[in-house]
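Peer 1: Residue strings, one per chain:
Protein chains: 2
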Amino acid sequence: METTKKSKVLVIGGTGYIGKFIVQESAKSGHQTFALVREASLSDPVKGKTVKSFKDLGVTILHGDLNDHESLVKAIKQVDVVISTVGRKQLLDQTKIISAIKESGNIKRFLPSEFGTDVDKTVAVEPAKSLVFGAKRQIRRIVEAEGIPYTYVVGNCAAGFYLPSLAQFQPRLTSPPRDKITILGDGNAKVVFNREEDIAAYMIKGLDDPRTLNKTLYVNPPKNTLSMNELVTLWEKKIGKSLEKTHMTEEQVLKNIQVYPVVPVYVILSINHTVFVKGHQTNFTIEPCLGVEASKLYPDVKYTSVDEYLSQFA
Amino acid sequence: METTKKSKVLVIGGTGYIGKFIVQESAKSGHQTFALVREASLSDPVKGKTVKSFKDLGVTILHGDLNDHESLVKAIKQVDVVISTVGRKQLLDQTKIISAIKESGNIKRFLPSEFGTDVDKTVAVEPAKSLVFGAKRQIRRIVEAEGIPYTYVVGNCAAGFYLPSLAQFQPRLTSPPRDKITILGDGNAKVVFNREEDIAAYMIKGLDDPRTLNKTLYVNPPKNTLSMNELVTLWEKKIGKSLEKTHMTEEQVLKNIQVYPVVPVYVILSINHTVFVKGHQTNFTIEPCLGVEASKLYPDVKYTSVDEYLSQFA
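Protein sequence lines, in the order shown, are assigned to chains C and U.
1 is the number of the first residue of the first sequence in the working numbering; add one for each residue after it.
1 is the number of the first residue of the second sequence in the working numbering; add one for each residue after it.
Since the hints were made in silico from the structure, they are not lab data.
All of these numbers come straight from a predicted model, not from anything done at the bench.
The beta-carbon is built from N, C-alpha and C at its ideal position, and this holds for glycine as well.
Any given hint might turn out to be false.
Unchecked claim - What the simulated footprint calls covered on chain U by chain C, stretch by stretch (three residues with Cβ under 8 Å from a Cβ of chain C suffice, anywhere in the stretch; the number is not a length):
#	segment
1	73 to 84
2	98 to 106
3	124 to 130
4	194 to 204
To be verified - Chain U is faced by these chain C residues, among others (derived, beta-carbon under 8 Å):
#	residue
5	GLY16
6	TYR17
7	SER71
8	VAL73
9	LYS74
10	GLU126
11	PRO177
12	VAL191
13	LEU213
14	TYR260
15	SER270
16	THR285
17	ILE286
18	PHE313
Whole structure, please, built from the sequences with the hints as guidance.
Peer 2: Encoded structure:
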């Protein structure tokens, strides 16, 4: 089923978490591989290193940017297949890739950024509904409307994101728990966990394959399809120990989505470290040449004291 | 100390969380008030309502955008004072406001977006160090280098953000806890909590005041300056009940900043709701006309099973 000549591949977003695996797999499997990289990424210590590793694999680095239409078209004209691995916040910016593919007119296959659950089979709640699933679905519909040949690769759960913590994100554990674990819902829903390298391997296999043209390529290997309860049992067997299980009911999950902060907890916590641990709001004297204190300067303002504020909740 | 004629005020970012309070206070206190609003905000259900409430207060709505230099200059030319209330992610974009103020040449006072701890007195850890404190500090230095008259308003902790949960963010409580509470560090650092309306009142008082020119205006009212331990005691008195206290040591705080997820927990949890509670990865049959399964299509790929993956941690 392999075509005789392997397609030339452009990866957009290649220095990102998942993109790295795709670029590596594409180059290693003998595709002439190009990575579109922003000039700014070269001076970034982490991304600069990634770019160097790409060069060592024979990848051609093209300088460009999603927002630079000319650079996009120029890059796309050199290849047969475009793979987008842009991050969550740039999903809708993929319309710019679609425009450039239309203008170039030479692309045999486009693989938009997916790397998750099938967005056409999912009924999600907010904020994932709009931020993730809605955005990916919108891109799919535009690709189809424009008549661009596509493959949607549904990679399901990336193992490196889910398995080291056994899906314990609050806080996110760096190795699986050995005493207690929280299970969402009844823990019987079947989930698919795939190693990033494997998702990349199937993706690169599929991009020249007529059997995946204008289709969704599901990465659902049977050995990787298991429920959270089965996952926990598997882990318990490995460590020879039973974990204390707490279930978070669906009702509680939905309520927690509302009450968890919109700003990432690690940002809040680093602010709170300066405020609550270090006391940086009060551990200095206001120098009169540089600062003035408001309640002294404007004694006519009847400010609400903390005491009064808290009374509304008691 | 009041000037005879009140300055005309432009608020940039007025439909945001803190901006609303500033626009309202400016208009109510008799300043001719202008709000720069993006056209897109008008069709947003929440922001559209806010804009309507501004109009009811006599605020002049100007259409424009940080990225539209001409619209910025045009807006700035109509006023004496510019207040920025842009959000965390737009802090560095305030260089665009600074350029427009330089070009306009008529601004008597600029109040950049602060609404937190004094960034020149804070030694924060990442990510707040760069994302918040570093960005605000950078803007201060540019304002000073450009010779723009300024006031930095240090509002410290916004009550509406901190007090309803008594700083319990994981998950964020919607009313103060009545059984147990986590305290960062020893709980003795003195913190300042101010109601948003009061921060706005002091800010608007200060913008025409020669005593605040090129100075920092600290909002540190004595009744609102208290330690976390004192805050908890105050709350315990109100509910006539003692809370079970857990201290998170500084070491643990610093470790947690590393392990908390970078993506907001509420986004992760809403994704996990579809995956772990609803089972959307596996609760459908792949229609052959639309999809293909990778491990069946490419049996030569030796994928890593979940079982094998977990072995590395056991």
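Peer 1: Decide, hint by hint, whether the structure agrees.
Peer 2: Against the structure, the hints come out as follows:
1. 73 to 84: Our answer is that it is violated, as 0 residues pass the Cβ test (under 8 Å) against chain C, missing three.
2. 98 to 106: Check failed, 0 qualifying residues.
3. 124 to 130: holds (count 6)
4. 194 to 204: holds (count 6)
5. GLY16: Not OK, violated: C/GLY16 not within 8 Å of chain U, min 13 Å.
6. TYR17: Hint violated; C/TYR17 Cβ to chain U Cβ min 10 Å, cut 8 Å.
7. SER71: With a closest approach of 20 Å, the C/SER71 hint is violated.
8. VAL73: Violated, because the Cβ-Cβ distance from C/VAL73 to chain U comes to roughly 23 Å (cut-off 8 Å).
9. LYS74: violated (25 Å)
10. GLU126: holds (7 Å)
11. PRO177: violated (10 Å)
12. VAL191: At about 6 Å, which falls below the 8 Å cut-off, the nearest Cβ of chain U leaves the hint on C/VAL191 intact, so it holds.
13. LEU213: Hint on C/LEU213: violated, closest Cβ of chain U at ~10 Å, above 8 Å.
14. TYR260: holds (4 Å)
15. SER270: Given a least distance of 4 Å, the restraint on C/SER270 holds.
16. THR285: violated (10 Å)
17. ILE286: Since chain U brings a Cβ to about 6 Å from C/ILE286, closer than 8 Å, the hint holds.
18. PHE313: holds (5 Å)
In terms of the numbered hints stated before, the structure departs from hints 1, 2, 5, 6, 7, 8, 9, 11, 13, 16, listed from lowest to highest.
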